[in-house]
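K.L.:
Could you put the whole structure together from the sequences, leaning on the hints where they help?
Note that the protein sequences, when read in sequence, are chains A and B.
Start counting the first sequence at 383; every next residue gets the next number (our numbering).
Start counting the second sequence at 383; every next residue gets the next number (our numbering).
Just so you know, these hints were derived from the structure itself, not from any lab.
Where a beta carbon is used, it is the ideal one built from N, C-alpha and C, also for glycine.
Treat the hints with care, as some may be off.
Unchecked claim - With a Cα cut of at most 30 Å, we get these calculated DSSO-like pairs of lysine-lysine:
1. K433/B to K400/A
2. K389/B to K405/A
3. K389/A to K405/A
4. K539/B to K404/B
5. K480/B to K406/A
6. K539/B to K400/B
7. K400/B to K433/A
8. K539/A to K400/A
9. K405/A to K433/B
10. K483/A to K539/B
11. K405/A to K483/B
12. K405/A to K405/B
13. K400/B to K539/A
14. K400/A to K433/A
15. K403/B to K400/A
16. K405/B to K433/A
To be verified - To spell it out: a stretch of chain B is covered by chain A in this simulated footprint if at least three of its residues, at any positions, have a beta carbon under 8 Å from a beta carbon of chain A; those stretches are:
17. 508-515
18. 528-535
Stated by the list, open to error - Examples of chain A residues lying across from chain B (beta carbon under 10 Å, computed):
19. L490
20. G532
21. E536
22. N556
23. Y557
Spelled out, the chains give:
Number of protein chains: 2
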Amino acid sequence: MDRRQQKTRIAIYEALTKLLKKKKFEELTVQDIIDEANIGRSTFYSHFETKDQLLEEMCREMFEHVFSHDLTPESGHDFSGGHKGIADRLTHVLYHIKEHKENISAILGGESEQTFVRYFREFLEDAFDDVLTHMNSGVPDDFRRQFIIGSFVETVKWWIGTGLELVPEEVVMNYIAMLGRI
Amino acid sequence: MDRRQQKTRIAIYEALTKLLKKKKFEELTVQDIIDEANIGRSTFYSHFETKDQLLEEMCREMFEHVFSHDLTPESGHDFSGGHKGIADRLTHVLYHIKEHKENISAILGGESEQTFVRYFREFLEDAFDDVLTHMNSGVPDDFRRQFIIGSFVETVKWWIGTGLELVPEEVVMNYIAMLGRI
DNA sequence: CATCTTATCGAACACGATGTTCGATATTTT
DNA sequence: AAAATATCGAACATCGTGTTCGATAAGATG
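P.N.:
Have a look at this one:
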């Protein structure tokens with residue numbers, strides 16, 4: 383990839399990240415972004431078709447960076463009771479979030495949240511597919527999936543809302559405490 | 383209120399409800415709405431400042447209609463264990479939703495969901511304030527609130543997603559089954 | 001280094017949606 | 001019947017979007 387392309391792409395991402403700290407995504411104009419990024423109008427449009435596609439791609443790339451590594455169920459873990467293994471992996475996810483606090487909490491907060499949350503759910507469904515299936519608890523399968531994931535997303539939103547005060551372990555403990563059992 | 387005002391207001395609401403079945407809210411234009419409602423452009427703007435305000439008010443009015451009655455904790459109920467009273471009241475809420483299935487599922491589904499969900503949460507926080515406070519379960523108060531309400535909203539979204547197949551009692555049973563205990 | 005390639009620039013443009021204005025008309029209230 | 005007010009609708013200004021294109025600059029290639 384041409385260096386110039388990399389440069390502008392980074393400039394756009396950084397501009398958006400910076401602007402998201404002041405304004406909601408929907409309130410931003412393309413003009414705002416290209417001014418902040420200090421690039422030409424047509425350049426922006428040669429990289430992204432629309433403003434929404436920009437957010438979309440930024441979220442996607444962030445998820446790739448943040449969660450690309452080692453989130454498949456690690457071998458040799460305790461899945462017998464289901465408890466310990468899941469807790470560990472959830473904790474792991476939260477640590478990744480904490481590391482990328484800046485980018486993520488910039489996106490969250492507006493309604494751009496939607497896009498982020500969509501990717502987050504997708505990721506969780508994949509990453510925890512194994513523990514979500516094969517697990518009879520007397521409720522419909524799809525409901526259990528949606529409930530467990532939805533309430534975890536809710537937990538993370540709460541955590542971020544508090545400014546990530548608690549350590550991930552505590553957060554997961556709270557989550558599991560509310561869920562009762564997984 | 384002048385009859386003419388009532389008429390146009392209803393026409394607008396009905397137009398929006400009808401259009402929401404085909405398109406997402408964000409994809410609708412004011413022109414679409416006033417065409418469907420068969421009113422003049424300036425008339426629309428004499429009723430609502432923006433399209434968003436229309437959605438806002440429609441949600442508000444719907445909530446007033448749907449949940450205005452008898453959702454305060456009824457006297458003489460069993461709140462000792464906490465279980466039965468809450469389950470009954472949640473069931474009650476779901477019945478109200480089912481009655482207004484048409485309007486609500488029209489709003490849900492797009493991103494207009496946001497607005498609806500906001501009102502729904504607000505309502506739940508008020509209606510269940512008593513059971514949400516004074517309830518020590520070893521997790522932070524605000525977390526417990528957000529978790530219980532958030533996961534109930536999630537449950538309702540799932541329910542609506544299935545086309546309201548289950549009866550409210552079953553839905554609440556599932557919800558409580560997942561929560562373990564309240 | 002010379003040349004080819006490609007990205008950026010930026011002004012200009014067409015387009016679509018928004019929200020306002022105002023005089024004419026129709027309906028309701030009193 | 002008269003006064004008040006809501007609707008109509010065309011016209012308008014404004015703003016954001018996304019496109020186009022020739023000129024310029026920067027990078028890739030040999």
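K.L.:
Could you run down the list of hints and mark each one as holding or not?
P.N.:
Evaluated hints:
1. K433/B to K400/A: Cα-Cα ~29 Å, so holds.
2. K389/B to K405/A: Violated, because 38 Å separates the two Cα atoms, which is more than 30 Å.
3. K389/A to K405/A: Distance ~24 Å between K389/A and K405/A Cα, so the pair holds.
4. K539/B to K404/B: The given pair, whose Cα atoms are some 19 Å apart, holds under the 30 Å limit.
5. K480/B to K406/A: violated (34 Å)
6. K539/B to K400/B: holds (20 Å)
7. K400/B to K433/A: Answer holds: K400/B to K433/A is near 29 Å, not above 30 Å.
8. K539/A to K400/A: OK: K539/A and K400/A at ~20 Å, within 30 Å.
9. K405/A to K433/B: The hint holds at about 20 Å.
10. K483/A to K539/B: With Cα atoms ~29 Å apart, K483/A and K539/B stay inside 30 Å; holds.
11. K405/A to K483/B: violated (35 Å)
12. K405/A to K405/B: Holds. K405/A to K405/B sits at ~27 Å (cutoff 30 Å).
13. K400/B to K539/A: violated (33 Å)
14. K400/A to K433/A: This hinted pair holds, its Cα atoms lying about 15 Å apart.
15. K403/B to K400/A: violated (37 Å)
16. K405/B to K433/A: holds (21 Å)
17. 508-515: As far as the region 508-515 of chain B goes, the hint is violated, because 0 residues have Cβ atoms under 8 Å from chain A.
18. 528-535: Holds, because 5 residues of the region 528-535 of chain B bring their Cβ atoms closer than 8 Å to Cβ atoms of chain A.
19. L490: violated (14 Å)
20. G532: holds (4 Å)
21. E536: holds (4 Å)
22. N556: holds (4 Å)
23. Y557: holds (8 Å)
Consistency note: the structure conflicts with the earlier hints numbered 2, 5, 11, 13, 15, 17, 19.
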